[in-house]
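Trainee: Chain by chain, the residues:
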Amino acid sequence: MVGGTGGGETITMSTHESAVHAADAHAAPQGFIRKWVFSLDHKVIGLQYFFLALVAVFVGMFLSLLMRIHLIWPTVALPFFGEMQPATYLSLLTMHGTIMVFFVLTTAPQGGFGNYFLPIQIGAPDMAFPVLNMLSFWTTFLGFIVLLAAFFVTGGAPLHGWTGYAPLSALRSMPGEELGADLWITSIAIFCLGALMGALNFITTTLDMRAKGMTMMRMPLTVWSWFITAILGLLAFGVLLSAGILLLMDRNLGTSFFVPLVTLNGQLTGHKGGSPLLWQHLFWFFGHPEVYIAILPAMGLCSQLLSVFSRKPIFGYKAMVYAMLSIGFLGFMVWGHHMFMSGMSPYTAFAFSIMTMGIGVPSAIKTFNWLGTIWRGRIRFHSPMLFAVGFVSLFVTGGISGPFLAQPVLDIYLHETYFVIAHFHLIMGVASIFGIFGATYYWFPKMFGKMMNETLAKLHFWLTFVGAYAIFMPMHYSGMAGQLRRYSQGTEVAWIKALTPIQVFISIAAFITIGSQFIFLFNLFWSMWKGKKASDNPWEATTLEWITATPPPHDNFGGRTPVVHNGPYEYSVPGAPKDFVMQTDPEIEPAH
Amino acid sequence: MGLMLLVVIWLITLVSTYIFIAKWWWLPVGASSAAAAIDHHFTVTFILMGVVFVAAQLALGYLVWSYRDRGSAPGKESYSHGNTKLEIVWTVLTTVLFVGMNLASSSIWASERFRQAEANAVHVEVTGMQFAWYFRYPGPDGKFGVTKPELEDASAGGEAALGMDPKDPASKDDVVSGVMVVPVNREIEVILRSHDVIHSFFVPQMRFKQDAVPGLAIHMHFTPIQTGEFEIACAELCGLGHYKMHGFVKVVSQEEFDKWLAAREAEKQ
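First to last, the protein sequences are chains P and Y.
For what it's worth, our numbering labels the leading residue of the first sequence as 114, then goes sequentially.
For what it's worth, our numbering labels the leading residue of the second sequence as 978, then goes sequentially.
Worth flagging that the hints you see were computed from the coordinates, not collected in a lab.
Each hint should be verified, as a subset may be incorrect.
Claimed, not checked - The calculated DSS-like cross-link candidates involving lysine-lysine, where the alpha carbons are at most 25 Å apart (straight line), are:
| hint | chain 1 | residue 1 | chain 2 | residue 2 |
| --- | --- | --- | --- | --- |
| 1 | Y | LYS1000 | P | LYS610 |
| 2 | Y | LYS1062 | P | LYS431 |
| 3 | P | LYS610 | Y | LYS1062 |
Stated by the list, open to error - Pulled from the structure, derived: some chain Y residues nowhere near chain P, Cβ distances all over 10 Å:
| hint | residue |
| --- | --- |
| 4 | GLY979 |
| 5 | SER1010 |
| 6 | HIS1100 |
| 7 | LYS1120 |
| 8 | VAL1123 |
| 9 | VAL1153 |
| 10 | ASN1162 |
| 11 | LYS1221 |
| 12 | LYS1227 |
| 13 | TRP1237 |
| 14 | ALA1239 |
Beta carbons are placed, not taken as given, at the ideal position from N, Cα and C, and that holds for glycine.
Okay, chain P solo, but in the shape it has when bound (with noise of 0.2 Å):
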């Protein structure tokens, strides 16, 4: 796949002839509803993907707003909810960490950036199957409707954390385990559906798209992101769907997968047999590699970012492509860290360590070529370099608490902490989302053919920047203090009690963060409108979206085909006239 040039040449060649027949099948559409809501246009349709994280994150954020007012001012009566009762924050948490991971996590890098710019990158005129494509987001979007009927339900949203630990989900035992964890259960089994046909989508158009020159290895790393996670999207939603379908028959259908004999209120449920940690393995082999289909995209988008604004290639090319692929296998191993005071064999808890630890040395190796990218480099600090610079600094920081929570013998300690929640909210959610902006500021010029503010652009990266650190930083002297997640209140055990000042700080940090994210939200309708006009390559960047129109045309290249000659990153190349190279540009000598 990787080598062979002259195998795969032919094959793009006569794949390349199909891909305009694909084109000429559907030619722009004209009328609205065609256009703009059932529409088979990649750029269209990665554009409602990335509307619906939009909602999501806000919503998702709301949500975290309302958790973090009730654990400092737990008697407090809010509009709507009144004075909050466990059961509230319970399913404030659940549809959080549900919404989060789902519909923007993993909707946001992949399913937005990934359809709207993977085919544009790669030379195609759009993904492999339109029609697919269209069916994918439209499911994803009914499972987000799904989810949040949740809320609306008798006996209210799910209360059984986003990880849905059997029996606790499995049994209709209080209000939001009724009806509501039912929708949970039914949204996310609808959105593996959606997932399973984007990730088909996306390895076919990688594979088989590809214009002329555009081998493997000049795939832009974005590209080789996307690639990389639709193969774990299609490995692990498949294994989580199926979990989800037996969680639905043991809630609904007097089955006993994931529950034993157990007495609930005093009565025998008349489940019997069932395996509790059944479900934690079904969850997690699909739970560790969601947070690479979390985390890769960005990584991808990063190393752009820090070669583009860098005006430098990016350091060890190849290294990055192995490291991520290697980063997609090993993270197909290690699902049994989650569970290593779960009763499972202690003996495997050893192997299971071993492998984490491994995932380190790829993340190392990224983490050390980031760095050999601005090595040497002339830096221009536009905002999506910030929050490159700023993706850099969070993995960093996510990561390295993460070979504490690998070793079972501190995690006998730590598990269950704040020191896991800051750990995966720095790396798989805070930093991910420095990629999602450092996309956005990045590529709105192509999407939306105006530029947005830099101003307002930069000073939303400082202060989210700094509140993220505030907010997440403190978790971890808490977590090593005992602090307990998923606790509606502190007030009754004694040394969590004693930690509320930690919370008072967070919950301040959190308020000013979250503030500020309406001003993005603020620039990004503003500048749609009254932004400066962009040029077609803004950012003098190389790869193909930018030698093409802005907004590009709806086959992308306006009746041209690219043709490749030379790799992703060819910034300041001795004797160029330009300190850049587009890709389309005659073939330069081969690099050293």
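Given chain P's structure and the hints, the job is docking chain Y onto it.
Mentor: Then chain Y, alone, in the frame of chain P:
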């Protein structure tokens, strides 16, 4: 802008590292035999990762400031696709660091979790249910009586909550308590069970945490080395009352423990 990034990244790094090192917050003082080794390994990991954290952040801040665009023409040195030798060096270094750290801790894990409790360990059955912990001692016969789910009555508390079968002779001398009383400097074998959903038994000072899973009886052990009262909290989301599902481990001298147990036996008769 480069200078501002340097200042902010360095400030965040140094301030947060200072708060760690000054131990404004830290793990509570350990009170079990395993705590010393676990804490030592925590400190080793903390120092190694701390060095990596500070070095990487300082380097990042320095590089973005140092290599900001100063308007000069690109030099020859800036066109580079990387360096294979360097790639190999840091791959090997990080592999040694991560795998080494892991191997260094595996013997502690093995002694905590691979080994069975010693023969003379004190046996305590710990049962979690929404939202309380119950502790059962086997009594002089050394055997736990049979429990039956259909006999469970959580509202009655005590033996009835555990569903103990009064017809089983082995349960005659079993003692059930709402507080976990254990002798100091003796190994305690904990047999963890749950009646309903997953709970997790967490005593920070003992450096002890283990999920209680319905359908499983999980055998674990720890040795308290300090007398005193230590709070237990549930560490796995178990429902509405999760935040208040707590209890106490009372570590006392062997004599006090014997006296306490004998008094509870006497109460039963």
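Trainee: Look at each hint and say if it fits the structure.
Mentor: Against the structure, the hints come out as follows:
1. Distance restraint check for LYS1000 (chain Y) and LYS610 (chain P): the Cα-Cα separation of roughly 18 Å lies within the 25 Å cut-off, and the hinted pair is therefore satisfied.
2. Between the alpha carbons of LYS1062 (chain Y) and LYS431 (chain P) the distance comes to roughly 13 Å, so the proposed pair stays at or under 25 Å and holds.
3. For the suggested pair LYS610 (chain P) and LYS1062 (chain Y), the alpha carbons sit about 52 Å apart, so the restraint of at most 25 Å is broken.
4. Listed as a non-interface residue, GLY979 (chain Y) fails to keep its Cβ farther than 10 Å from every Cβ of chain P; the least gap is roughly 7 Å.
5. With a least beta-carbon separation of about 14 Å from chain P, SER1010 (chain Y) lies farther than 10 Å from that chain, consistent with its non-interface assignment.
6. The Cβ of HIS1100 (chain Y) lies farther than 10 Å from every Cβ of chain P, with a closest approach of about 18 Å, so its non-interface assignment holds.
7. Distance check for LYS1120 (chain Y) against chain P: the nearest CB is about 22 Å away, which clears 10 Å, and the non-interface claim stands.
8. For VAL1123 (chain Y), the requirement that its beta carbon stay farther than 10 Å from each beta carbon of chain P is met, with the minimum near 14 Å.
9. The claim that VAL1153 (chain Y) is not at the interface with chain P holds, since no C-beta of that chain comes within 10 Å of its own (minimum 17 Å).
10. For ASN1162 (chain Y), the shortest C-beta to C-beta distance to chain P comes to about 21 Å, beyond the 10 Å cut-off, and the non-interface label holds.
11. At roughly 4 Å, the least C-beta separation between LYS1221 (chain Y) and chain P is not larger than 10 Å, which violates its mark as non-interface.
12. Every C-beta of chain P lies more than 10 Å from that of LYS1227 (chain Y), the closest at about 15 Å, which supports listing it as non-interface.
13. No beta-carbon of chain P comes within 10 Å of the beta-carbon of TRP1237 (chain Y); the shortest separation is about 23 Å.
14. Even its closest Cβ contact with chain P, about 30 Å, leaves ALA1239 (chain Y) beyond 10 Å, as expected for a residue assigned away from the interface.
Violated hints, listed in ascending order, are 3, 4, 11; each of the other numbered hints is respected by the structure.
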